[in-house]
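Take the sequences, apply the hints, and build the full model.
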Amino acid sequence: MRKSILCYSALVGFMYAVYGLLQAYNGVATWFLGEGSSLQLGVKLFDAYIPNAFPDPFSGLALATTGLMFLSASYHGVRGFAKYKGYLFAAWLLSTVMLVLNVVELLASVLDAYYPLLYGGEPNYEWSLASDAWGIAPHLLLGILALPVYLDLKEFVEELLPGTR
Amino acid sequence: MIRVALAGNPNVGKSVIFNNLTGSRQRVGNWPGKTVEKKEGIARCNGEEIYVVDLPGTYSLTAYSIEELIARDYIVEERPDVVVVVVDASNLERNLYLVLQVLELGARVVVALNKMDLAEISNLRVDAEKLEKVLGVPVVPTVAPRRIGMEELCRRVLEASRAERPAIAVKYGREFEDAICRIAELVGVEESLRAYNARWLAIKLLEGDSAVVQRIESLPGGRRILREVGELRRALEEKYGDVELALVNERYRLIRHIVEEVVKGEKALKASDALDQALLDKYLGIPVFISILWIIFQFTFIASTPFSDILGDLFAVLSEKLAHVTGIAHVDYLLFGEYGVLNGIGAILSFMPLIMALYFAMSLLEDFGYMARAAFLMDRVMRKLGLTGRSIIPMILGFGCNIAGVYSTRIIPTEEDRIVTIVTNPLMLCSARLVAFAAIAAAFWGSAAGSVLLSLYILGILLAVLVALALKKTVFRGVESPFIIEMPPYQAPSLRVAVSYMWLRASLFFKKAGTVILLGLLVIGLLATTDSSTLSFTEDVEHSLVAELGRALQPLFSPLNWDWILVVSAIFGFVAKEIVIGATAMLYRVSEEELSEVLLLRYDPVTMYAYMVFVLAYVPCVATLAAVRHETLSWKWTLFTVLYEVLLAYTLGLLTLLVGRAVFPGV
Numbered sequence: 001m002r003k004s005i006l007c008y009s010a011l012v013g014f015m016y017a018v019y020g021l022l023q024a025y026n027g028v029a030t031w032f033l034g035e036g037s038s039l040q041l042g043v044k045l046f047d048a049y050i051p052n053a054f055p056d057p058f059s060g061l062a063l064a065t066t067g068l069m070f071l072s073a074s075y076h077g078v079r080g081f082a083k084y085k086g087y088l089f090a091a092w093l094l095s096t097v098m099l100v101l102n103v104v105e106l107l108a109s110v111l112d113a114y115y116p117l118l119y120g121g122e123p124n125y126e127w128s129l130a131s132d133a134w135g136i137a138p139h140l141l142l143g144i145l146a147l148p149v150y151l152d153l154k155e156f157v158e159e160l161l162p163g164t165r
Numbered sequence: 166m167i168r169v170a171l172a173g174n175p176n177v178g179k180s181v182i183f184n185n186l187t188g189s190r191q192r193v194g195n196w197p198g199k200t201v202e203k204k205e206g207i208a209r210c211n212g213e214e215i216y217v218v219d220l221p222g223t224y225s226l227t228a229y230s231i232e233e234l235i236a237r238d239y240i241v242e243e244r245p246d247v248v249v250v251v252v253d254a255s256n257l258e259r260n261l262y263l264v265l266q267v268l269e270l271g272a273r274v275v276v277a278l279n280k281m282d283l284a285e286i287s288n289l290r291v292d293a294e295k296l297e298k299v300l301g302v303p304v305v306p307t308v309a310p311r312r313i314g315m316e317e318l319c320r321r322v323l324e325a326s327r328a329e330r331p332a333i334a335v336k337y338g339r340e341f342e343d344a345i346c347r348i349a350e351l352v353g354v355e356e357s358l359r360a361y362n363a364r365w366l367a368i369k370l371l372e373g374d375s376a377v378v379q380r381i382e383s384l385p386g387g388r389r390i391l392r393e394v395g396e397l398r399r400a401l402e403e404k405y406g407d408v409e410l411a412l413v414n415e416r417y418r419l420i421r422h423i424v425e426e427v428v429k430g431e432k433a434l435k436a437s438d439a440l441d442q443a444l445l446d447k448y449l450g451i452p453v454f455i456s457i458l459w460i461i462f463q464f465t466f467i468a469s470t471p472f473s474d475i476l477g478d479l480f481a482v483l484s485e486k487l488a489h490v491t492g493i494a495h496v497d498y499l500l501f502g503e504y505g506v507l508n509g510i511g512a513i514l515s516f517m518p519l520i521m522a523l524y525f526a527m528s529l530l531e532d533f534g535y536m537a538r539a540a541f542l543m544d545r546v547m548r549k550l551g552l553t554g555r556s557i558i559p560m561i562l563g564f565g566c567n568i569a570g571v572y573s574t575r576i577i578p579t580e581e582d583r584i585v586t587i588v589t590n591p592l593m594l595c596s597a598r599l600v601a602f603a604a605i606a607a608a609f610w611g612s613a614a615g616s617v618l619l620s621l622y623i624l625g626i627l628l629a630v631l632v633a634l635a636l637k638k639t640v641f642r643g644v645e646s647p648f649i650i651e652m653p654p655y656q657a658p659s660l661r662v663a664v665s666y667m668w669l670r671a672s673l674f675f676k677k678a679g680t681v682i683l684l685g686l687l688v689i690g691l692l693a694t695t696d697s698s699t700l701s702f703t704e705d706v707e708h709s710l711v712a713e714l715g716r717a718l719q720p721l722f723s724p725l726n727w728d729w730i731l732v733v734s735a736i737f738g739f740v741a742k743e744i745v746i747g748a749t750a751m752l753y754r755v756s757e758e759e760l761s762e763v764l765l766l767r768y769d770p771v772t773m774y775a776y777m778v779f780v781l782a783y784v785p786c787v788a789t790l791a792a793v794r795h796e797t798l799s800w801k802w803t804l805f806t807v808l809y810e811v812l813l814a815y816t817l818g819l820l821t822l823l824v825g826r827a828v829f830p831g832v
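These protein sequence lines map, in sequence, to chains A and B.
One point on numbering: in the working numbering, the residue at position 93 of the first sequence is 93, and numbering is uninterrupted.
One point on numbering: in the working numbering, the residue at position 261 of the second sequence is 426, and numbering is uninterrupted.
Think of the hints as simulated: they come from the structure by calculation, not from any bench.
Any given hint might turn out to be false.
[To be verified] Simulated restraints, written as ranges between beta carbons of each label pair: (1) B:Thr491 <-> A:Phe32: 51 to 59 Å; (2) A:Ile144 <-> B:Glu707: 54 to 62 Å; (3) B:Trp668 <-> A:Leu147: 28 to 36 Å; (4) B:Asn288 <-> A:Ile144: 31 to 39 Å; (5) A:Leu147 <-> B:Asp292: 37 to 45 Å; (6) A:Leu45 <-> B:Leu483: 19 to 27 Å; (7) B:Asp292 <-> A:Leu107: 51 to 59 Å; (8) A:Leu21 <-> B:Glu402: 37 to 45 Å; (9) A:Ile144 <-> B:Leu483: 38 to 46 Å; (10) B:Ala328 <-> A:Phe81: 45 to 53 Å.
Where a beta carbon is used, it is the ideal one built from N, C-alpha and C, also for glycine.
Here it is, written out as structure tokens:
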């Protein structure tokens, strides 16, 4: 169980790091070269990339850091250090919070576009996945991929935050 | 009435016990340093009234910091009937040091063995009865948040108040005891020192405690006593090295012995320690901290946007409906017209969801226990630069409000470090400036607004560090103070606490909007509707008093590319920083929603980023300046704060503009 979780954690960590670097690159490239200079590593569906590595260097830093935490967890776990669980939990927590952030962003964008309908007005703008600044970003997809890691963290969470498992 | 003092290390649950006993509602946070001043209240126990004082959290009773002095002076000078020392059962070794020091003062002590639940979770079994026997004072196990042990604590306090004062707690080695006895004899005969415990005075003199040495020095025979103390100290130093250190070691030797006796069972690596290793990692700690800040600002911005827009619409409708409500043209125009106060207030209040979202997220983070870790992480960086890590907590509090940040500098022991932290605190991006920046960032950077805001937060921290460094290298050269911070336990953040904190901050924001901000906008509104030549009512803002004022000052700011409206808005920001955005909306005659379009038409992103950099660094609001004056007790430092900030803001604004133009020529 532990071995497979550590392998899985390393894989997820690697993907986080790749998308983090991609977003950081896109952020800097857009600053200097303008829109259209971004690179994407995803599938194009309904005119939107999934995942959408939108240009934002800080977002890239957050993804890359999460990736490095996952990779550190695997490294310490393979060497038999108990502290790997701390790294794994920190990485899992960051990934889950960013997953939630992406969901909040999508909901907030839809609400912002269509709230005038609540009092019989016209929508502020037509929302679509392609027009959304984040869309389905790496935060959402990788966050879902990182969820199973929790299987190895149940006891750890019970000890750290009693009663929350 | 029985007088009881509550003492304890920071974050051991003293404030919760105080609230439980007195029924008051102090805010309790999961990080050290909440109680800097002493708080008072009345508790009722078995029909008797008890006067309770909550002393600031301290690790010891040396004279190194203000909170230690406040706590010590109260116990020594006021001589409360009982001192309840609250200790963390899950971390007994460190907490017992203070217990021993209070016992050395000769006080009647009751130990509240708090956080027993956390000790159990950590597989620690603390034998309260045995501890009571070893210490010779009552020990009551408690779990403060669940009110467990409160009645027993009250009962034991009443009993202790009628008991004799305890005997000596710590016995030092024979030579130390001889020296202590000799000094105690010397000070014991001094009439003016009768109120003090002679043994405690003797120990403090041996330790070279500056406050006690000064007290003795002021006595007629003081110099003679100090001479003899000096000789005894030298004799001990020759044999044992540093006397203070030797006494500390002796106390810890006793503490280790007590802990071995009363605490059983411990795990190899606790979950909290494992998580600490990850979050405080040498290389990844700071990137994790920045990532967490980025998540908070993105969440704040994203979650609040639709609600801010809804509020903006609401104010636009309200303005329209109230357009002719009084029937007096001038009043209607001033209050509800295009330059109307309602327009300005609406532009500010529509950002209330932003403030609420920010405090909601910060409360969750604080409750989880991350804030103290963030302070620890920053301390590493600060210390490398020769600065004190103690500045971190005021800096983090300054993110909410600079006034709170300035007042919290009381936790800093040395006056020099305190002044450095006070004068740099206004560089922290407070929630008032966030309101202005959020509007501008949303207009120019859309979905990347959260990242732009984060860059300004980081810039604020960097500026504060650089200014502090400059002061430490010039004015306050060579002054250093130690920084000890306790890592609070991790806990699941409480949604109820976060929501109530969010409402509290929202109501404060609302109150401020209804007082200071309203008044500021009313003044701007009056100036905007008063003709500069005839001093009569006018609808032509270009010929108003405010336009004259703005145009007179505008040449000073023309290198920064501002028009007179931005100049006036920035100047009135001195009253309260929220006014910057309200005044901008009023003077451009637009609602909060249309403000983005107007700014986009008139300015480019580089100019507006430079504007934000200026507003970040220029003069603090008037209330913060009052706090600076109050805490530094100096007009010189208050004036210094204003002057250096204006100069820094102008230089940085200009530099940002020039560098921005050079790097992004197409913008």
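Consistency of the hints with the structure:
Distance hint check for Thr491 (chain B) and Phe32 (chain A): the Cβ-Cβ separation is about 55 Å, which falls inside the suggested range of 51 to 59 Å. A hinted range of 54 to 62 Å holds for the C-beta pair Ile144 (chain A) and Glu707 (chain B), which are about 57 Å apart. Hint check: Trp668 (chain B) to Leu147 (chain A), Cβ distance near 32 Å, so the stated range 28 to 36 Å holds. Restraint check, Asn288 (chain B) to Ile144 (chain A): a C-beta distance of roughly 35 Å satisfies the suggested window 31 to 39 Å.
Roughly 43 Å separates the CB atoms of Leu147 (chain A) and Asp292 (chain B), a value that falls within the hinted 37 to 45 Å. Look at Leu45 (chain A) against Leu483 (chain B): about 43 Å separates their beta carbons, and that is not inside 19 to 27 Å. Look at Asp292 (chain B) against Leu107 (chain A): about 53 Å separates their beta carbons, and that is inside 51 to 59 Å. Hint check: Leu21 (chain A) to Glu402 (chain B), Cβ distance near 58 Å, so the stated range 37 to 45 Å is violated.
Distance hint for Ile144 (chain A) and Leu483 (chain B): a CB-CB separation of about 43 Å, consistent with the stated range 38 to 46 Å. Between Ala328 (chain B) and Phe81 (chain A) the C-beta distance comes to about 51 Å, which sits within the given range of 45 to 53 Å.
The earlier numbered hints that this structure contradicts are 6, 8.
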